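S.K.: So the chains spell out like this:
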Amino acid sequence: MNSRATATVHGWLLLLPAMACLALFTHWPAVASLIESFYSTAKARRPARFVGLDNYEQLLADPIFWKAMSNNLWFALGTIPTSIALALLMAVWVNDKIVGRTWVRMAFFTPTILPMIAVANIWLFFFTPQYGLLEQIVGLFGGRSTNWLGSQDTALAAITVVAIWKEAGFFMIFYLAALQALPPSLGEAAAIEGASRWTYFRRIQFPLLMPTTLFVLINAVINAFRMVDHIFVMTRGGPDNATTLLLFYIYQVGFSFWDTAYAATLTCVLLALLALVAFVQYGILERRTHYR
Amino acid sequence: MSAAPQPVVTAARSDPYAPKGLALTLESTGAILLALLWVLPLAYAVWAAIHPAEYTTRFVLTAPLTLDNFTRAWAAAPFARYFLNTFILVTMILAFQLVLGTLAAYALARQDFWGRDIAFALILAQLMIMPDALIVENYRTLARLDLIDTIPAIALPYIASAFGIFLLRQTFKTVPKELDDAARVEGASPLQVLMKVYVPLAKPTYVAYGLVSVSYHWNNFLWPLLVTNSVESRPLTVGLQVFSSSDQGIDWAVICAATLMTSAPLLIGFLLFQRQFVQSFMRAGIK
Chain A
1 MNSRATATVH GWLLLLPAMA CLALFTHWPA VASLIESFYS TAKARRPARF
51 VGLDNYEQLL ADPIFWKAMS NNLWFALGTI PTSIALALLM AVWVNDKIVG
101 RTWVRMAFFT PTILPMIAVA NIWLFFFTPQ YGLLEQIVGL FGGRSTNWLG
151 SQDTALAAIT VVAIWKEAGF FMIFYLAALQ ALPPSLGEAA AIEGASRWTY
201 FRRIQFPLLM PTTLFVLINA VINAFRMVDH IFVMTRGGPD NATTLLLFYI
251 YQVGFSFWDT AYAATLTCVL LALLALVAFV QYGILERRTH YR
Chain B
293 MSAAPQPVVT AARSDPYAPK GLALTLESTG AILLALLWVL PLAYAVWAAI
343 HPAEYTTRFV LTAPLTLDNF TRAWAAAPFA RYFLNTFILV TMILAFQLVL
393 GTLAAYALAR QDFWGRDIAF ALILAQLMIM PDALIVENYR TLARLDLIDT
443 IPAIALPYIA SAFGIFLLRQ TFKTVPKELD DAARVEGASP LQVLMKVYVP
493 LAKPTYVAYG LVSVSYHWNN FLWPLLVTNS VESRPLTVGL QVFSSSDQGI
543 DWAVICAATL MTSAPLLIGF LLFQRQFVQS FMRAGIK
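Each protein sequence line maps, in turn, to chains A and B. Read left to right, the first sequence gives residues 1 to 292 (the numbering used here). Read left to right, the second sequence gives residues 293 to 579 (the numbering used here).
Hints were generated in silico from the structure; no laboratory data involved. Here the structure is a predicted model, which is why all the values come from computation and not from measurement. Beta carbons: idealized from backbone N, C-alpha and C, even for Gly.
In silico contact screen, one side only, chain A against chain B (beta carbon under 10 Å); selected entries: (1) 97; (2) 109; (3) 133; (4) 136; (5) 250; (6) 274.
Far from chain B, some chain A residues (derived; all Cβ distances over 10 Å): (7) 62; (8) 69; (9) 203; (10) 207.
Start from the sequences and build out the full structure, keeping to the hints where you can.
M.R.: This is the structure we're talking about:
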């Protein structure tokens with residue numbers, strides 16, 4: 001055997017354990033979802049049979065699917081810009097020598113390490129009608145009592161607030177690291193030119209933070225499809241599907257209604273959305289940033 | 293996966309844009325107000341947990357302190373078993389992730405062989421297609437393997453981590469090639485080179501990845517909820533959900549106590565090793 005062949009055998013032997021697991025739990029299930037979406041769900045006396053695009057026709061005619069899609073869109077629009085803007089603000093603040101910097105940074109970061117399922121209990125109590133803290137604060141100012149999680153108008157917003165609170169401090173960390181890596185000579189040069197602090201931020205710091213913003217943006221988009229834990233505690237998708245996100249709907253169809261073929265079809269939609277994100281990231285955005 | 297370069301050690305130069313005087317006061321006030329808002333839910337949970345139930349929504353400074361809520365929560369559900377399950381789970385996942393990740397990262401970083409780039413692309417696919425999206429098919433796979441309702445069932449989809457492989461590959465690439473060559477000249481086999489040269493040099497990356505992995509899997513909920521249905525396999529997060537959605541539904545003080553209990557190990561670890569935690573998450577993000 002020549003050395004090139006030996007290297008190939010060695011290389012693949014080293015990769016084998018990881019690749020086998022990835023194939024079994026990432027690549028195969030993705031392909032299997034696609035295959036299964038063309039079959040019917042197997043029942044006790046009726047095995048799965050090929051149904052072509054029937055599941056997709058069902059999908060297009062399913063009002064709950066469209067509701068979940070629009071909820072997820074609003075959830076994404078609500079969480080992504082706000083959490084990124086807050087993360088940047090937090091990082092700029094914590095990067096300056098403000099009073100109590102260590103404590104402030106810790107306060108911002110703490111939600112990141114707490115289990116979502118646990119803090120959702122606290123937030124549930126926070127939003128509870130009559131007893132809840134929010135009710136008491138609103139009551140103090142003479143506001144009307146609102147059932148935040150029980151009303152179709154406010155439930156999704158409440159879910160969105162919790163998600164922003166959970167992820168903003170996590171994104172702050174990346175901005176903080178990037179800000180600390182900026183050479184101090186940039187600030188000195190800008191000051192000699194007489195730039196205001198706002199100009200320095202807008203024209204120098206912010207553009208230089210662009211790679212970090214892209215990284216955080218991709219993570220925020222993925223999170224918008226992934227964060228569903230708090231829905232289990234706070235609303236279970238209600239009232240009347242007002243807080244059903246795509247992944248939560250997949251869970252309901254697959255594990256409450258046991259309609260696995262339709263759940264696989266929904267999974268394909270989610271995978272297509274994630275593939276689109278990947279395409280935008282690698283195909284368009286990253287072409288312009290340095291990659292080693 | 294591009295991001296910022298490594299933080300540099302800044303010399304003691306004065307930053308001309310550092311806020312001073314009134315600007316500093318305003319900025320500090322804003323930051324502290326936002327920080328207070330951010331800890332409010334946690335502070336509220338602590339208040340409810342350490343006071344009798346009648347003070348849950350009455351904020352008087354003279355309210356008596358009690359640990360009763362914690363003892364009641366502990367007695368009401370098998371939390372000791374849930375703690376043990378979670379501990380086994382995160383240890384098992386991390387151990388496999390490190391072994392599999394190290395081997396794969398070494399191949400990707402330092403071996404030149406046929407199909408390497410394709411393999412790397414296939415691995416990176418997992419960064420986008422997270423295991424959470426594949427719950428339906430993964431459940432079928434584990435049912436076929438007859439592993440439903442076991443701790444390995446929770447762990448299996450996560451033990452090969454694209455994120456960990458990527459992070460280690462980047463670290464291994466920074467190891468000087470001369471060290472590798474020198475060890476080979478001494479007669480070390482490839483695996484010996486890996487264990488004696490690469491692994492010790494990548495220690496900070498292992499620590500950083502370990503902290504991120506443990507926090508992630510300690511807190512993970514959806515998948516463990518699906519594949520477990522008994523006390524013997526349930527991790528803390530699922531146990532807490534079963535506990536708080538059942539008969540305890542109304543007693544907020546006890547639920548807050550249970551909530552704090554499940555978060556306590558990570559929270560205490562974070563408070564003690566704040567710097568390491570923050571730097572680990574930073575390091576893990578800067579790829």
